[in-house]
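A.B. asks: For chain A, the structure is supplied; the task is to place chain B on it using the hints.
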Amino acid sequence: MTGWLGRLRLEKRNAPGTGVLLLVPLVSVVAALLFGAVFLSLIGLAPVAVYREMLRVSYTTGYGVADTLVSATPLILTGLAAAIAFRFKLYNIGGEGQLYVGAIAASGAALAFGDRLTGPAAILLVIVAGALGGAVWIAVPALAKAWLGTSEIITSLLLNYVALFLMQYLIFGARTFWRDPESATFPQGARIPDATRLPTLGTTRVNLGLIVAVLAAVVLYLLLTRTRIGYRWRVFGDAPAAARYAGIPSRQVIVVVLLLSGALAGLAGATEVAGRAGRLDPTGLALNIGYNGIIVAALARYNPLAVIPVGLLLGGVLNAGPALQTLPGARVPVAISTMLTGAILLFALAGELFVRYRIRMRDPADVEQLAEQATTAVASPRAATGPEAEA
Amino acid sequence: MNETVLVLTLAAAVSAGTPLALAALGALLSERAGVLNLGIEGIMLVGAVTAFLAADASGSPLVGLAAGVLAGAAFTSIHAFLSVTMRANQIVSGLALVIFGTGIATFLGQSIEGRPLAARLPRTSIVGLADLPVLGRVLFSQDVVVYGTWVVIVLAALYLTRTRTGLALRSVGESPATADAVGIRVAAMRYAHVIIGGGFAGAGGAYVILARVPAWAQAGTTNGIGWIAIALVVFASWRPLRALAGAYLFGAALRANFALQAAGITAIPAEFLAMLPYVLTIVVLMVLSATDTRSRLGAPAALGAPFVRDER
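Chains as they are written, first to last, in the working numbering: chain A, 1 to 391; chain B, 1 to 312.
So here's chain A without its partners, still in its complex pose (with noise of 0.2 Å):
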């Protein structure tokens, strides 16, 4: 340990600047672009005309931030869903699974119900239907955990696949109620009825599930930091066995929190089926929205406040790759949206460090005399950190 690399320490900051909590994001995103730039320039295509085209289609047009709010709409429904599980550290990996079973129930409920309702009662109907299935997907990890101890990562990632399977054969499988019987050629969900569609606002096609979306944050936010149920749980996420002899019942914060969060993704499918595409439509949903939930609640460091701009940062990302290749001569990969919200997340964790440490220089002198400590503890290296160095 010689040379000014040697003289580097990492403190921990009690409480990180704000400056730092907004570059870091900020350098992430530049970071993961320039990455992209690589991948760009390999397959032969010009990385400035390419970002240039997905602003274009994304931020700095009329129909380009109709676009992006539409996806960002679902993306900070599953951000929140990430946030409020990963938050208190119960790992809900399968908020694309959530998603599926929240359209299932959302466009089924719509489906059957729906010719009897009319205004907010039809809507309410979808809307408690989805998030009442993306809770419902969920219950199983959640109850495992609680009660059995089993991880919740694995078993809530392995349902996306169970979901996925069960949506296809919804659509694609079999002649089922959600399927549309009129087109027989082509498979797709029937159309829901227009009383259970969430209005639009204004002349746009931003519907009426970006409001839902933007008061579940504020909702959330409050819950988390303003009640006592919020107090206990952040109790149970920081400090377990505080929360135990507090009496805080940690199998209940388990289940709670779980299936508040399957509920916010279930909500997230409920808005794509009765926002965007009026149906259960397999395709549409594969966009990886329940994932993609995941790397948005990280950027926003779990708070459910800062979700929301990151969503919308995120929306247009994801609504680029698509609306690429709606372009004439379009060649860029869809998955140049995937690629950079992983490269954006990737950037993000390791600046995670800078935000939870402070780099500091130690004098040349301490370095000096840590290394005579060193050579003459040999028989015990451990000395050379300090006697705080215990493990």
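The hints are simulated quantities; they were obtained by calculation from the structure and are not laboratory data.
Some hints could be false.
Claimed, not checked - Now the in silico label distances, taken between C-beta atoms and shown as ranges: (1) A:43 / B:309: 42 to 50 Å; (2) B:272 / A:11: 51 to 59 Å; (3) A:119 / B:116: 53 to 61 Å; (4) A:172 / B:185: 51 to 59 Å; (5) B:264 / A:202: 56 to 64 Å; (6) B:262 / A:246: 54 to 62 Å; (7) A:228 / B:309: 36 to 44 Å.
Stated by the list, open to error - Away from chain A, derived, C-beta distances all over 12 Å, residues of chain B: (8) 58; (9) 62; (10) 79; (11) 133; (12) 137; (13) 143; (14) 160; (15) 162; (16) 165; (17) 248; (18) 273.
Note that beta-carbon positions come from the ideal geometry of N, C-alpha and C, so glycine has one too.
C.D. replies: Only chain B this time, still in chain A's reference frame:
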């Protein structure tokens, strides 16, 4: 189900279990060093797409395999850097690897989507053993990767239990502070095993495209078997030989729908049969955690925790 169908199904189960075994070994080595690698699915996809491109360009499946291993290892170094040096949350970092790996694989794979690979691994029967009744067809009329998997699994088992480095590795996973105190370089051990583990996961992905699936199908090429491999590590109590046995068991589950269809059972829709391996994995995990405590299962004690010398 007649005997031929049974034998063919078992042979297919061994082949289907091979990528699972390789990927599970990769996850296992990483976890033994104390680093949880949830990125296996993404690493397998990166290994698979690289193997396709390399095998297609060179005409040799073994070049494809080597490229898959190297790509898997190189790609996993991201996770090693994030979890060891940057002390990132290993769960989120692994997930990021899955998303990023899926992105890279589908980006590079766009031009080959739906294309079959000409340079597939040929069947190499083991002279003498291949003529055994039943077993010869099930075990010894496979390809070189199947046999190679047995070798690396046995070597890994010996490495973990019979060598000094293996002992050092286990101590890094159980108690990094103790390992550090006796002079084992914790960070170097973690880097090495996470990256080598990534190489095995890359090999698993390469095998999927070189021998299992008929054509490149983007993310559907591996279709979640990377996650089953991670569950297998728990199932195998972090032991390589058990991971191999478990992989063949799950390989059988992956093939069950074809076997049932071949046996003329059509009452259950194909989509529900396809759910079987995933549901089975969930049930197995739940039964395991209900009947065994974490310590008896044998999870490395320091799994998932970054090691920082001057911090508790």
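A.B. asks: Are the hints correct? Go through all of them and say.
C.D. replies: Structure-based check of all given hints:
1. A:43 / B:309: 42 to 50 Å: Check passed, 44 Å falls within 42 to 50 Å.
2. B:272 / A:11: 51 to 59 Å: 55 Å, holds
3. A:119 / B:116: 53 to 61 Å: For residue 119 of chain A and residue 116 of chain B the Cβ distance comes to about 54 Å; the hint holds.
4. A:172 / B:185: 51 to 59 Å: With Cβ atoms ~53 Å apart, the hint holds.
5. B:264 / A:202: 56 to 64 Å: Taking Cβ atoms as reference, residue 264 of chain B and residue 202 of chain A lie about 58 Å apart, which means the hint holds.
6. B:262 / A:246: 54 to 62 Å: Given range 54 to 62 Å: holds, Cβ gap about 58 Å.
7. A:228 / B:309: 36 to 44 Å: 39 Å, holds
8. 58: Given that every Cβ of chain A is farther than 12 Å from that of residue 58 of chain B, nearest at about 19 Å, it holds.
9. 62: At roughly 25 Å from the nearest Cβ of chain A, residue 62 of chain B sits farther out than 12 Å, so the non-interface label holds.
10. 79: For residue 79 of chain B, whose nearest Cβ neighbour in chain A is about 9 Å away, the distance does not exceed 12 Å, so it is violated.
11. 133: 37 Å, holds
12. 137: 31 Å, holds
13. 143: Non-interface label on residue 143 of chain B holds, nearest chain A Cβ at 27 Å vs cutoff 12 Å.
14. 160: 23 Å, holds
15. 162: Holds, because the least Cβ-Cβ distance between residue 162 of chain B and chain A comes to about 27 Å, which exceeds 12 Å.
16. 165: Non-interface label stands for residue 165 of chain B: nearest chain A Cβ at 19 Å, farther than 12 Å.
17. 248: Consistent with the label, residue 248 of chain B stays out of reach of chain A, its closest Cβ about 19 Å off (over 12 Å).
18. 273: Incorrect as stated: the minimum Cβ-Cβ distance to chain A is 9 Å, not above 12 Å.
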